[in-house]
Amino acid sequence: MVAIEVPEINYTEYSNRQLAAIPLAVLVLALAIIGGWFLVTGAPANLGLEFTGGVELRIADDGDGNMEQRIETAFDQEPDSVRSIPADDVYVVTFRSAEGDPDGLAGDLEAQADAADLSTEAIDQVSPSFASDTARTAIFGVGLAFLGMSVLVFALFRTFVPSIAIVASAFSDLVIPIAVMNLLGIQMTLGTIAALLMIIGYSVDSDILLNNSVLRRTGEFYESVSRATRTGVTMTLTSMAAMIVMAIVASVFGIDLLRNIGIILAVGLCADLMNTYLLNVSLLRWYKFEGVSR
Amino acid sequence: MLEPIKKNWRILLLLVVVVAASVALFAPQFGPETAPGENASEAQQGITNLQYGLDLAGGTRVRAPLLGHTATGVDFGGDQPTDVAQNVADELDGVPVRDVGANAEEGAVEVTDSSVTESEFQAAMDASGYAYEDVRSGVTQETRDVAENVIQGKINEAGLSGGSVQQVQSISGEYFILVEVPGQDRSDVIDLLEERGTVQIDIAYPTDNGTEVQEAVLTQDDFDEIGTAAESERGPGAYVPVTVRNTASDGSQSPAHEFQQAVVDRGFPSAYSSNAAQCDYGENPDDVSNPCLLLTVDGEVVNSFGMDSDLAASMDRGTWADTGNFRLTTGEFESAQTISINLRAGALPAELDISGQGTSSTISATQGENFRTYSLITGILAVFAVAGMVFLRYREPRVALPMIVTALAEVYALLGFAALVSYPLELAVIAGFIAVVGTGVDDLVIIADEVMSEGDVNSRKVFDSRFRRAFWVIGAAAATTIIAMSPLMVLSLGDLSGFAIFTILGVLIGVLITRPAYGDILRRLLTVR
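Just so you know, the sequences run in chain order C and L.
Residues 17 to 310 (the numbering used here) make up the first sequence, in order.
Residues -8 to 520 (the numbering used here) make up the second sequence, in order.
There are no misleading hints in this set.
Computed, partial: chain L to chain C, Cβ under 7 Å:
hint	residue
1	Thr353
2	Leu418
3	Ala426
4	Val436
5	Val464
6	Thr472
7	Ile474
8	Leu487
For the record, the hints were derived by calculation from the structure and aren't laboratory data.
These numbers were taken from a predicted model, which means no experiment stands behind them.
Using N, Cα and C, we set each Cβ at its ideal position, and we do this for glycine too.
Could you build all of it, start to finish, from the sequences and the hints given here?
This is the structure:
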């Protein structure tokens, strides 16, 4: 059986610049992806049904075969996507609501599905005006959570550089998963917003642990860092294990909410490993050896 | 005797919490509330007292705004609300006065006819001469409350257990009515919401062969204005003031004249020449001695009454139809309310815009049951993943095993809490549980590493100081999680408030109860005696 050996990074071999370069490059790349997405599509991410409005139907697979084709022909309006979930014998069909014609779509589609002998298991209808409202609420919520976390971190450590190190890596932890979502084609839904808020809560843990170990405890810098790393990496890996399993199992069963939360958190925690032990460490080291003495 | 309790109180507290959670989960006393006509075992879903939300049990959720426009900060200038409503309605083409409401308490005037645009309403307000601050979309608080009561009434009447209705406010300040009905599909729920009770007035009159009834003398459409239910000034009972329409297309009689004619034809003026005459429909419906007005709702007679002699006389003279006012009296205030509501269009005081700005979601019962099983499997596998990681890392069962057990106790306590307050479990809540296992184990890792960091723990003092150090980090981490999740708890973002509530609760139970207990367990196992 393999034991998890938390690797010891020999920080002395690298300069602060070298350490910070990788996470900063990744952050810039992530921001570029999101910016590019915004320029091309007009939104920073692939917005899901909840943020664009539309109708999602879950149609049971009755075993007669040819489901995809029957679904394509059943509806007057062409579906935006048809996704099969074999474990649940269900097809998920989504329709974006056309700008001028949001009225009564869900009822029409239900009737059309009935007419084509397709049995609908679930219907979700979101109106465009409600969707844009939800989007604003979500952005507001994430902003508020981030602000609250930042204020708390500054209150806890009361020194500028270590606090800003935590806030910066938390920011990067948020941005990287969004960019990865864009690349993987995962849609921004309410579930992913919850996951992003969880990242704010989760990812800060290992940063706080590291800062606490270096600033509030006696002992040499590298020793403190390696002690915090051993604990922090274990923490992050256990959380990641839970999230990866949740993402895999939930996507097999077609439970989108749990799958999305799992994926985003796994990516965010991965980004957090990098940001904590490269970006945060380099900022802390600069603060400890150069910043304080100035 | 007390010493062991004092020493191990943290562990004991955890045990107490676990026992309390078991009671809440399994004791029949904490079972879900039963709906009328349902017994306790029917209300219970599965062997536990847990309640499942829509996405785990199947059902329909509809969330939609009430259509209308409201002028706020209106200066009534000493006018009665009914006069204000009348004056504003006069400025709106083709809008009956029943679609305009004025509320002195809120200082608001609203129009609930969905065909009136905001600018039309604004123009009407300007023309009516009342000063106002602003016009917003939506209706008044009073109307929303009435709508909520009406929908709740419909749900109760239909015998749908577990159905709920509430008002929610979005970030832009708009109000929505949120209706959740377990076990019903979308079209059933929408039918229920859009269905209106039929209220009509019949006349029962005596003939040689007993009572005969002339049906539908007045129907919903014949009313121009329908007041709100009020308690009677003299004597018991309540009434709804109404005005019968006195306009008609060319060539036909107006409803007020038709009604007046029918009343005279059936002999009301002669029967009620003095105030001593009474309607006896209540005592012997098959053989009345005087003609009676019957108030029927959905074909059932809810009240019968005679007529005031003055009113009968004015009908006889043919002058009543000019104003068309009278009162529908009932025995109880509640039934007056129901009648008032049913007389208004669509039963709801304003139209619920489900297809336009609304959202709805339906999940079938089988789908819900599947989700229940799947999320259970997902949760168990996630716990196994965490357990596996912890064993791989520590390779020492006496550190790792208590860790897993404590994390599970945390989830168990949360389940107990959910059962206790009858909070319906939803997918989002399950995600919250999994997140709790994740953060919970994180913190236990911090404790274990900190306590074992510098060699053997050879005294209680050493242990305690290390444990306290670990706790600073845990407390700080918990505080950030709570702060990060709290916006979700209050913002109206659908299911996610459940996720936030249970994550925050889990963190609190963890910091206050389970993590200190784990510390004690670890101390007993590690302290070199």
